[in-house]
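Let the sequences and hints guide you as you build the complete structure.
Number of protein chains: 2
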Amino acid sequence: MGYKIGLLGLGTVGTGTAEILLNCEGRHPLLKELEIYRVGVSSIDKPRQVQFAPGVLTTDLEAIATDPAIDIIIEVIGGLEPARSLILKAIAHGKHVVTANKAVISRYGDEIFSAANQAGVYVMLEASVGGGIPIIHPLKQSLGGNRIQCVTGIVNGTTNYILTRMQEEKGEFEAILADAQALGYAEADPSADVDGLDAGDKIAIIASLAFGGRIRLKDVHCEGIRHVSATEIAYADKLGFVIKLLAIAKSNPDSSLSVRVHPTLVPKNHPLASINGVYNAVFIEGEPIGQIMLYGRGAGAGPTASAVVGDILNLVGILKSGDASELHPLLSCSHEVYCEISPIDELVTRFYARFLTKDRPGVIGKIGTCFGDRNVSLESIVQADIRGDLAEIVVVTHDVREGDFRQALAKIGSLEAIESIPSILRVL
Amino acid sequence: MGYKIGLLGLGTVGTGTAEILLNCEGRHPLLKELEIYRVGVSSIDKPRQVQFAPGVLTTDLEAIATDPAIDIIIEVIGGLEPARSLILKAIAHGKHVVTANKAVISRYGDEIFSAANQAGVYVMLEASVGGGIPIIHPLKQSLGGNRIQCVTGIVNGTTNYILTRMQEEKGEFEAILADAQALGYAEADPSADVDGLDAGDKIAIIASLAFGGRIRLKDVHCEGIRHVSATEIAYADKLGFVIKLLAIAKSNPDSSLSVRVHPTLVPKNHPLASINGVYNAVFIEGEPIGQIMLYGRGAGAGPTASAVVGDILNLVGILKSGDASELHPLLSCSHEVYCEISPIDELVTRFYARFLTKDRPGVIGKIGTCFGDRNVSLESIVQADIRGDLAEIVVVTHDVREGDFRQALAKIGSLEAIESIPSILRVL
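Chains A and B, in that order, give the protein sequences.
Counting from 1, one number per residue, gives the positions in the first sequence under the UniProt record's numbering.
Counting from 1, one number per residue, gives the positions in the second sequence under the UniProt record's numbering.
To be clear, the hints were calculated from the coordinates, so they are not data collected in a lab.
Nothing here was measured: the structure is a model prediction, and the numbers come from that model.
No residue lacks a Cβ here, since even glycine has one placed at the ideal position from N, Cα and C.
Hints may contain errors.
Stated by the list, open to error - In silico negatives: residues of chain B with every beta carbon more than 10 Å from chain A:
hint, residue
1, Lys4
2, Ile36
3, Gly55
4, Leu57
5, Gln167
Unchecked claim - Between beta-carbon pairs, the in silico distance windows are:
hint, chain 1, residue 1, chain 2, residue 2, range
6, B, Gln181, A, Ala410, 55 to 61 Å
7, A, Asp254, B, Asn23, 18 to 24 Å
8, A, Ile44, B, Glu25, 54 to 60 Å
9, B, Leu183, A, Ala230, 42 to 48 Å
10, B, Ser256, A, Glu287, 39 to 45 Å
11, A, Ala230, B, Asp389, 54 to 60 Å
12, A, Ala410, B, Arg48, 52 to 58 Å
13, A, Ser380, B, Ala234, 33 to 39 Å
Structure representation (structure tokens):
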């Protein structure tokens with residue numbers, strides 16, 4: 001007796017998944033019980049890396065999602081529609097689903113998991129975050145004894161690649177983005193990556209699992225890396241930091257969460273500081289486990305297909321050992337309550353800011369006074385450079401409330417001596 | 001309906017586990033269905049960090065292992081006996097077992113898993129390797145789609161702490177070991193740690209899971225760190241390496257394995273090079289996943305208890321969703337065949353060696369000739385220093401067969417000009 005798989009999509013990840021399933025010698029023996037029964041594609045005749053028996057390929061994806069012969073649907077189309085509708089249709093037809101689709105899960109997770117619970121099927125999503133790195137399974141299965149305090153991730157390979165090159169080459173964002181696009185490390189429309197939206201989808205999923213509740217994507221504060229300049233990277237370096245696009249989900253003392261994505265100054269001795277290029281890593285802090293970090297390639301055919309196949313194996317393991325009278329409580333999603341996400345103004349963090357000011361005595365004092373008036377305690381304030389007839393002043397704060405910091409900045413921005421505030425970044 | 005737990009042992013890990021189970025607010029809700037029903041200790045009256053209702057503590061551990069009311073046995077006594085007998089007794093009485101005992105599993109895993117399969121129960125062992133870091137579960141559940149090529153771990157916190165301090169303080173092994181003992185980072189009898197035996201147990205377990213077969217512990221080549229000196233660390237540093245005690249399980253082209261523990265020169269830019277102090281990390285290479293690394297504290301009450309409780313949650317999840325007609329194929333152990341482990345002489349690796357020689361012309365040539373005669377190709381051979389009237393010569397090879405290298409060394413050691421060969425280390 002085997003399990004029949006319907007594969008929706010035969011792009012990079014779909015092809016990688018098929019290659020594992022069609023060539024399973026040396027892998028887990030359970031894979032031999034799987035059959036790729038149907039593959040849904042947009043065009044039958046396109047030349048492909050993998051070959052299937054006649055009749056396996058079809059352009060009728062809906063027929064796959066509803067085919068009574070199929071046990072497990074693998075959704076690797078990406079994008080919102082038709083992925084969402086096909087997942088829901090497969091669930092309604094009693095099929096388990098494995099998906100790599102962070103966009104659908106972060107937006108429609110509540111709808112999808114409610115439907116799955118009602119139908120008594122599983123929706124597995126390891127491949128949606130961090131490529132092949134086991135992140136979802138550890139959060140669901142291994143770390144359940146912990147009170148998770150904070151998850152901090154580098155979960156977007158494109159931006160990490162760009163920031164790493166900016167760091168190494170002392171280059172500017174636009175030029176390196178263009179080169180990354182030419183090399184295939186960034187999309188023609190790079191917005192989802194460089195504006196932090198992809199990382200926002202992923203941290204929403206991570207936060208939901210780490211803190212046991214639903215997350216509204218609109219509550220996730222996202223800033224991208226377009227405004228990170230070579231100047232900031234150089235100053236950060238002098239101060240002992242590298243700049244990384246971090247996705248952070250943190251439990252606050254009032255039991256609300258802060259969930260956010262933004263470029264961040266990371267101390268060079270922090271384990272995340274040395275995660276470079278297209279690599280991803282997720283740093284988890286919990287009680288009593290302390291700190292752990294999970295690291296690997298965050299995208300690409302091989303790593304993502306590894307995660308998809310891991311999910312299929314888990315599913316088949318459960319199906320073989322269970323009577324499916326009740327869903328496995330660690331592998332199903334029982335969240336019903338939405339987590340309370342605190343507004344970004346309430347965030348308590350350290351800040352870095354750079355000011356261009358007129359080069360005259362007393363400016364540092366005025367800036368310091370504005371911060372002091374708003375209870376913003378400073379770690380350092382230094383005149384770092386002279387640019388023409390302007391002075392460059394760099395400030396690093398202690399932990400302060402973001403709202404207070406912003407109010408102080410507004411006041412400082414209105415001072416006659418201040419030319420501009422080219423950069424404001426948070427510090428880990 | 002809840003699940004009753006029998007806890008064997010109330011030392012560091014047992015206490016940590018009890019603390020999680022007795023104080024489960026904010027952790028996975030499934031924990032509320034668990035009850036610590038009996039705790040086996042050596043003395044009832046000892047003052048303890050955790051309190052139990054009257055009648056829970058008992059000195060009769062065998063009665064716990066055979067108690068029909070108990071569903072799950074947690075074995076955190078450590079050591080070989082009575083741990084092995086109690087685990088076997090619990091299995092024979094139809095109980096699932098969670099253990100942190102790498103020594104028992106690496107030596108008696110075949111006996112224990114055969115008994116468990118016959119009885120239809122699970123033996124879970126995440127806590128036996130790498131403290132709270134999810135290593136066993138990823139190898140069992142997430143990475144099954146891969147052909148694992150190599151697993152390289154820093155899996156002993158004591159030796160990593162000692163080597164890190166030797167590196168930072170330029171100190172010698174004996175003095176830092178004594179200090180580590182005073183601070184509680186090393187045992188009074190440090191042999192299991194510093195001679196590589198603990199790491200050997202762990203890499204045997206990892207290899208078994210990564211490569212899908214049983215491992216005979218006697219086939220695991222173990223060298224410890226007693227002979228690593230401050231001189232070696234200094235030379236390694238100059239050459240761009242740090243010295244780590246690595247546990248390595250690698251698949252050879254002839255499909256045999258090499259499984260070994262030894263101090264190793266690790267290039268400074270390798271992710272394992274920056275794993276310092278008591279931290280552990282496991283670096284996994286597979287096809288198609290590429291490289292991943294899992295990192296965290298490798299020991300201690302909190303991390304190890306986190307792993308124990310993760311295993312309990314997994315077990316309960318399976319029990320709730322299954323009819324137990326068949327064991328979950330990823331969580332049970334179906335290995336029947338022993339892996340073929342190739343002898344250390346067949347290993348192909350790079351070497352570092354340091355020679356003390358008479359300071360006269362021609363010595364380097366003679367050493368080079370001996371290596372060349374045995375097909376040992378050198379990357380560098382340099383006279384690194386003069387010590388009194390002796391010259392210090394440091395050699396780094398390319399990849400060579402260990403047997404050839406050892407034969408060349410024997411020949412070199414017999415040369416009249418060679419005073420001694422104080423150090424031979426492998427290079428990653």
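Status of each hint after checking the structure:
1. Every CB of chain A lies more than 10 Å from the CB of Lys4 (chain B), the least distance being 18 Å, so the non-interface label holds.
2. Every beta carbon of chain A lies more than 10 Å from that of Ile36 (chain B), the smallest distance being close to 14 Å; the non-interface claim holds.
3. The claim that Gly55 (chain B) lies off the interface holds: its Cβ sits roughly 25 Å from the closest Cβ of chain A, which is beyond the 10 Å cut-off.
4. Taking the minimum C-beta to C-beta distance to chain A, about 22 Å, the non-interface status of Leu57 (chain B) holds against the 10 Å cut.
5. Every CB of chain A lies more than 10 Å from the CB of Gln167 (chain B), the least distance being 15 Å, so the non-interface label holds.
6. Distance hint check for Gln181 (chain B) and Ala410 (chain A): the Cβ-Cβ separation is about 58 Å, which falls inside the suggested range of 55 to 61 Å.
7. In this structure the supplied range 18 to 24 Å holds for Asp254 (chain A) paired with Asn23 (chain B), their Cβ-Cβ distance being about 21 Å.
8. A C-beta distance of roughly 56 Å is found between Ile44 (chain A) and Glu25 (chain B), which places it inside the suggested range of 54 to 60 Å.
9. Hint check: Leu183 (chain B) to Ala230 (chain A), Cβ distance near 45 Å, so the stated range 42 to 48 Å holds.
10. Judged by the Cβ atoms, the range 39 to 45 Å given for Ser256 (chain B) and Glu287 (chain A) holds: they are separated by roughly 43 Å.
11. A hinted range of 54 to 60 Å holds for the C-beta pair Ala230 (chain A) and Asp389 (chain B), which are about 55 Å apart.
12. A hinted range of 52 to 58 Å holds for the C-beta pair Ala410 (chain A) and Arg48 (chain B), which are about 57 Å apart.
13. With their beta carbons about 36 Å apart, Ser380 (chain A) and Ala234 (chain B) fall inside the hinted range of 33 to 39 Å.
Of the numbered hints listed earlier, not one is contradicted by the structure.
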